[in-house]
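Protein chains in written order, with the numbering used here: chain A, 8 to 178; chain B, 3 to 878.
Honestly, the hints are just simulated from the structure, not real lab data. Treat each hint with caution, since some may be false.
[Unchecked claim] Covered, in the sense of this in silico footprint (three residues per stretch, anywhere, with C-beta under 8 Å from a C-beta of chain B), are these stretches of chain A:
1. 35-44
2. 57-64
3. 87-95
4. 167-175
[Stated by the list, open to error] The calculated DSSO-like cross-link candidates involving lysine-lysine, where the alpha carbons are at most 27 Å apart (straight line), are:
5. K212(B) with K55(A)
6. K37(A) with K142(A)
7. K477(B) with K55(A)
8. K135(B) with K174(A)
9. K212(B) with K159(A)
10. K344(B) with K359(B)
11. K161(A) with K359(B)
12. K487(B) with K477(B)
13. K159(A) with K135(B)
14. K161(A) with K135(B)
15. K132(A) with K55(A)
16. K161(A) with K55(A)
[What the hints assert, rightly or not] Residues of chain A placed beyond 12 Å of chain B at every Cβ, according to the derived structure:
17. R20
18. K25
19. E27
20. Q29
21. Y31
22. R50
23. D53
24. S76
25. E104
26. D117
27. I137
28. A152
Just so you know, even glycine gets a beta-carbon here, dropped at the ideal spot from N, CA and C.
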Amino acid sequence: MIGWLGALLRVGRKLAAKTETQLYPEEMPKLPPRSRGRIVLTRDPDGKERCVACSLCAAVCPVACIDLSKAVAEDGRWYPDHFRINFARCIFCGLCEDACPTSAIQLTPDFELGEWRRDALVYEKHDLLIAGEGKVRGYRYWSVAGKAIAGKDKGEADHESPPVDLKGLLP
Amino acid sequence: MSTTITIDGRQVEARIGDDLLSVCLSYGIDVPYFCWHGALGSTGACRQCAVRVYAGPDDTKGRIVMACMTSIAEGQRVAVADPEAANFRARVIEWLMTNHPHDCPTCEEAGSCHLQDMTIATGHHVRRYRFTKRTHRNQDLGPLVTHEMNRCIACYRCTRFYRDYAGGRDLDAFGAHNNVYFGRAEDGVLESPFAGNLAEVCPTGVFNDKGWSADYARKWDMRATPSICPHCAVGCNLLVDERDGRVRRAQNRYHGALNGYFLCDRGRYGPLHVVSPQRLAVPLLGGVAASEHDATAAAHAAIAAGAIGIGSPRASLESNYALQRLVGPERFFAGVSDAEVKLLRRMIAILRAGPAKIASLAEIEAADAVLVLGEDLTNAAPRMALALRQTARAAERELAAQKGVPHWLDQAVHTAGEGRRSPIVLATSAPDPLDDIATLSLRLDAEAIAAFGVAVAAAMRGNVAEGLAAEGQVKDIADVLASAKCPLIIAGASLGAAAIIEAAAAIAAALGSRARIALIAPEANSVGLALLGGDGIESAAALLESGQAMTAIVLENDLFERAPRAGVERLFAAAKTVVALDALNTEITARAAIALPVAAFSEAAGTFVNYEGRAQRFFAAVPPNPAMPSAWRRIAAFGAGDWHSLDALIEDIVAERRDLVGIATAAPNAGFVMSGGKVTRAPRPLSGRTADDRAGQFADAAPPQDPDSPLTFGIKGSRGTQVPPALITSYKMPGLHSANAVTRFAQEIGGPLRGGDPGTLLFEAGEGALPPAAASDPIGVDGLLLVPLHDAFSGWELSRASALLAARAPAPRLMLHPDDAATLGLAAGAAVLIDGRPCGTRLSLDAGLARGVVAVSVGTVVPRGALRRVTIEAAS
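Same shape as in the complex, but just chain A (with noise of 0.2 Å):
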């Protein structure tokens, strides 16, 4: 008896809490940065690409829905040629962001990724490259990589020292 009371003074303490439940899609929920939604390419401060083709979120995609293939732009840089995602595939795991070398791959809230035909939910280097930089802000892959660039030359990018003069006399 005692019991049977205790709970139902339990489920009804309930009724007057406030409810947990948000009415989606008309109140959008506030998801943190962090969190896991679809994949974005970002670029770098500059507005360059950033990433370089490298192939690495690619490599550790547990479900190898990521396909891409590099190229070389006449500045010297490399990119993807094309770059493709299946989101079909993708189980927003988060692992390429942890791989990615120039913070070009990042995962943002927009987790709104629902379509009718399975073919909208391959998505092509247009639909995955952002006009910013994302999560990280001003990093450039080039100003700390060795390869010469147009603009940057060797020696220039970050704690280099000027090329070595061969034919110096110098010890």
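Given the coordinates of chain A, work out where chain B should sit on it, guided by the hints.
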């Protein structure tokens, strides 16, 4: 002498005097290293392979030494895992890495990088160095090799390979201490035809494969397939890397008896002819694209009218056999000139008869006196020229060994060897890139080379000939060869002179069973084709002219390349219909009534027989494309046989031809399965497998099927050291991703692969008696002897189809000795006629040529053919 030493408590057998690092690696004990290389020996430059060595049972303290510089001694105890040694190695790599750029994401080498492997193996995860890094400017080293000097760790492997091993002169070390620089004195193309090996020799990304970089995929994203180089008769083993159905690069596949660790550039970059725009992609009817249905229907009708088959030395043995089966042996022809068929048959008869044993490349390196008759090895069989460069150093190694310097201490061998050279005699018509290692270079025309060879053979039997061009040297050379422990004779078909082959046979016979012989055939499957039988193109034309057949089926062959033009034109005139099966667009496919596309060597399985008679299997590196089936599948559809797979075809060949029974054992058949499943071509991560998979609309991404090989395209399957040697697709081991891990797959460093080197020898020396030589056709005395220049990068149709080699190809040449030119009244730069016909190049003069000859690039200026005389005159 062998002894038992203890390495980390494990008792292992080792030869006294060998270096400790080699012993560790061959027992699978990982000691980090950079500068040591199986073929280049030790130099002690990187200080990475530190281990603690205890002198004997009473030594408790031991000392830290470099394993690569330490000889095995009796009762040695070694501690690789010693904490102090491990710490030493970690600190050394930290120093090496201080200047290494933050480049891995944009470095081609990453993923198969020895430096990455070793850095991770030693536990150096975080850079503590916070100061500036040394930088270098790069050089443009030509179309084949990239250069990114910032990445260098100064192991000296590049110069040791390029200069000491391959005899190159234009790559060197510059600067000192921290600034040391590896490159050329100034920008420019690397001259050595072995420069591509730098991509594999370099343990970091300083040198890499430029062709691969242009069509790049990471090592872990490419499926690799064991293959055989289709470019020359040596038959070097390749790994062909593929992604997205496209061949991306070819790399060396270790073979103890043949190519070892290295390829020539023709073999490394030439196979990319399979991705050239010259590929025949669609069927042609009268030179116009047609549907598969119309073209095959037309071909069926033409073949039903009675056909002859013309095989090819660049098609697989199986495809040639299928054609022979379709048309019958008496209507099957070899696809080269009659003279070349005769020459090849004679070469095989000589090899079979013995007594000289057929020399593999490993045996060439072991020879102590060499006579080369007529062959420009650097162009005709480049990998053999590289082997001969090692032969030249045998005398140096012997002297060093007498002084107690071990063979693996390469720099010290150089010094202790006092520059001694093993006797190598070159008798050729044109200046030879091997002249710098030859003890004697003779410039003679083809007839004089043959006469010289006969005189040497006679001198060995005690008869001294007189009135020869090189009379003074004959006796000396005969003595050197006769007193050698392991003399070697090299000759071949390059000059098209049967008399040279006979001379080589005579010398070998005079030397007896300790002699070795190598006879170079012109192409990858020339020997296989000659074993199958069939006369040459001229005989084919004669049969068509007699009206016994209407149609000629030409298999993977640009006949204009392989026989004089007149003979091929006769064939075209006599045949009512020409059906061409080819992977490339050639003059034949353009002129044939029907041309059908077939698979290239990278798209089908088959067998090539190399110059030794070694049958070696290659497999499809690219998933089969039904629009371009194997040539034998097309021929089977014409009614040749009911073969559902390559194994069924091989079964038929073996049943009919007892002498070819060895091809069945050249590699495991398609039914071969290991406990882990079929051997897989794919590395485990192989990314992007599901990126295109729209489940529900297309079938789930199932790996493509390949009925002709025991290999699978899927990622599930067997890998590792237990894989049979003919099927090795990767040297990847846990923690080791670069080609340096090949040490795990060999029985000993530089020795055969575990389970034996792949391939089966179809014949051996001493199998039969040598019938007397047929009388050779007289070639007259008027005009100049034609010396065909087989330029490695442009002398064969497949080489010219590779865009990378085309960028390195020399301009076509026509050369005369200045005195001959003066006699003819010609000056350098003159336009000339060969036998009254204009040629596509201008005259140049070279005082290094033999007298009485005209040297002409084959393939680009003249076709291949028998030794002949031509007249040269000024074009009016």
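Hint by hint, here is what the structure shows:
no. : hint                 : verdict
1   : 35-44                : violated (count 0)
2   : 57-64                : holds (count 4)
3   : 87-95                : holds (count 4)
4   : 167-175              : holds (count 6)
5   : K212(B) with K55(A)  : holds (25 Å)
6   : K37(A) with K142(A)  : holds (16 Å)
7   : K477(B) with K55(A)  : violated (74 Å)
8   : K135(B) with K174(A) : holds (19 Å)
9   : K212(B) with K159(A) : holds (22 Å)
10  : K344(B) with K359(B) : holds (22 Å)
11  : K161(A) with K359(B) : violated (56 Å)
12  : K487(B) with K477(B) : holds (18 Å)
13  : K159(A) with K135(B) : holds (15 Å)
14  : K161(A) with K135(B) : holds (11 Å)
15  : K132(A) with K55(A)  : holds (14 Å)
16  : K161(A) with K55(A)  : holds (20 Å)
17  : R20                  : holds (47 Å)
18  : K25                  : holds (42 Å)
19  : E27                  : holds (35 Å)
20  : Q29                  : holds (31 Å)
21  : Y31                  : holds (26 Å)
22  : R50                  : holds (16 Å)
23  : D53                  : holds (17 Å)
24  : S76                  : violated (7 Å)
25  : E104                 : holds (15 Å)
26  : D117                 : holds (20 Å)
27  : I137                 : holds (20 Å)
28  : A152                 : violated (5 Å)
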